[in-house]
Each structure stands twice: as C-alpha cells, then as structure tokens.
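2 protein chains.
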Amino acid sequence: MASTNRRGRRPGSPDTRATILGEARTLFAAKGYAGTSVRAVAAAAGVDAALVHHYFGTKDDLFLAALQVPLDPREVLLPVAQGGVDGAGERLLRTFLAVWDDEATRLPLLTLVRSVFDPEGQRLVRDGFMLMVLKPVAAALGVEDAELRMSLVASQLMGIVMVRYVVGVEPLASASHDELVAAYAPALQRYLDGPLG
Amino acid sequence: MASTNRRGRRPGSPDTRATILGEARTLFAAKGYAGTSVRAVAAAAGVDAALVHHYFGTKDDLFLAALQVPLDPREVLLPVAQGGVDGAGERLLRTFLAVWDDEATRLPLLTLVRSVFDPEGQRLVRDGFMLMVLKPVAAALGVEDAELRMSLVASQLMGIVMVRYVVGVEPLASASHDELVAAYAPALQRYLDGPLG
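If you're matching them up, the sequences are chains V and C in order.
For the first sequence, my numbering begins at 2 and goes up steadily by one.
For the second sequence, my numbering begins at 2 and goes up steadily by one.
Hint data in this document are derived by calculation from the structure and do not stem from the laboratory.
Beta carbons: idealized from backbone N, C-alpha and C, even for Gly.
One or more of the hints may lead you astray.
Claimed, not checked - Listed next, the stretches of chain C that the computed footprint assigns to chain V, with coverage defined by at least 3 CB atoms under 8 angstroms from CB atoms of chain V:
(1) 107 to 119
(2) 122 to 128
(3) 150 to 161
(4) 166 to 174
(5) 187 to 197
Given only the sequences and the hints, what does the whole structure look like? Please build it.
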C-alpha cells in the first residue's frame, strides 16, 4: 500500500479501480487466465488483494471485467446450461445469435475478436471464450470429450462470427434466427453429443 | 502509353509489372472483383489493357496474382470439383487442410485473413474465397441453393482457420487430418447437399 500512497492514489478512487483493471488486462493478456492470480494483479496495481476483491468480486468477475464485454456469460448462458444436452445445440446458437445481433454487445465483442491476431489478444479471446463460455456449458451439460467437442463448437461459432458479422456474406448476414437454426443446429448438436468417428 | 513514357517506365520492365499489380490490388480491394475491369487496371497503371493480359493472363489470373497467394485454387480444387457431390465434404476438407498445414501457403493466407478486419481487405477475402474457391466448386458439383450452402461451408472452414491456425486451440490445433475429417466432414457434407430445414 506504501507505493499506492507514494503515487498519490487513494484507495477507493476511480483511479485505483482503473489501475487495477488495466493491470488485470495486461496480466491476463500476457499470462492467461490460469497464469494470473488476484494477488499478482493487486501487486502490479500497488494495492492489497482485498481491495481487488472489494472492487471486482472473484477472479472470474475480474477476468470478465478485463475482457470489457458488457454482458455476464454466466447469466446469459443459464438457459443453455440448464436444459440438458438434448436441444443444447439450438439453445446455444439462439443465445449466441441474440448476443451478436445486439449492437450493444456485438461491437465490444468484435473488438475482442479482432485482437485475436495479436499474440496477447489471442490469450484473452481463447480464455474468455473457452473458459468463460464453452467450458461451463460443457460441464453443465455433461459433455464427454469436452475439450475436443467444445473446440468443434467454437470453430463453428467463430466461423459464423467471421462470415455473418465481420465479412457480412449473404445470404447468411441477413438470415433469420430460424433459418440459421435449421442450417446450423444439427451440426452443433452433433459436435456436442453425436458420433465423431 | 504516353503517360508510361512520361514517367520513364518501359513496357516489359519489372517496374511496369509491379505497377500493374499494385493498381490491381488497390482496385480489387476498393471495388471488388465484379467492379474492377482489366481496362480500369490498365488505365490506372498507365498502360494498355493488352499489356496487362500479356503479363497476367485473364482477369481471374490478375485477381489471383493480386491476392498474393502462392497457389492457384483452380488447380488445387480440381480433385474436389471432379469427384461429384458424394464425398465432396471430405475432399474439400482434405484439400483445405493440405493447403493450410503447409507453411508456405498458410502464412500468405493468414495475411489475407487478417485483412478481413479492414474494410478494403474484406472485399479481397470475400471475393477471393467465395468467387475463386467456393463458387467454382459449387458449380462443378451442381450444388443447389449454392449461395446459402457455400456460405455455410465458408463459415465452418473459416472457423477452422481461426481456431486451429490463428488461435491454436487444442486438441484441434494438433489433430490429424483423419480426426478432423471424422469430426467435420459430415457437417460439411450436410451443408453441401443435406436437408437444411
């Protein structure tokens, strides 16, 4: 805490919160979710770990804040996770489309996806998407071979991001959710629980 | 040709070839494949259209040269296009993986994919991938609803690019071609000729 005072930051000020968030973003980008502790973020920001928890809650909360995405995947994904694996492909796709068709969430998510081409951004995207979205869904649904199956799911969802939302290829860019469900849900469902060999 | 001489370029010099290629790239990026004529490229480069054809061949050849990708999709895709629609999902995937697993082609292709986030690059990627790769395959295979079906195929292949080759998510990044065929070929085949509703 001494260094905090030396730099003139007051605990509880917006400056302190922003400093913590900036250090968290830097560390999560450089070392990934698993390689970053709340304690390390606190040390980098020159504050006590308790203050980090006070501002941001758990490590997951801090990570989600560092991703700068205006939604909490743990809430958004509840309807996907709670319904069992039957029909989960369709539920996951409908949730994904609702989030991405909403400009308020699409624009910050696009910023995150764009960062995938620089090495530090890659880690945020991978950890954010795999650990905060797909892994909890797989656990809730009881998906077997979760790493393989969820990376298959990730590859189809990420491709929809690129083709529908980044490049805007027609007719996919203008297709309704029902049309997209008819086209994609069987593939996603097979990735979740179908035969892969 | 007067302007060429005024600028001191000799027809037939490497400079002239590079100038044509630079103008072609600029025009294809700004106006797309359909909106760019060989005549317009020639005018922008201050040369005669015949000289453009002399150096680069057809408009397709010029477009492929402008994409700066060290392969000719018309040759690479022959085994995909020639075998009929049965099994085309697997043949397309194996061809795609062979091209992307080869560093000599992967690195220039990654440069192209990265450019998808700037508006001009988007057009090159979209026209390059859809018009030079997927549309001729669809035509050769007799795919119905080709625009929808090939954009579904595009979304899965582009997602594999992002997850396997850009981000490197395991186990997809290290999976063998046979494993990837087992996982993806049925989905690709359904996008090509299966029920979508």
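Verification of the hints:
1. 107 to 119: Check passed, 3 qualifying residues.
2. 122 to 128: holds (count 3)
3. 150 to 161: holds (count 9)
4. 166 to 174: Since 7 is at least three, the answer is holds.
5. 187 to 197: holds (count 5)
Against the hints set out earlier in the document, no violation occurs for any number.
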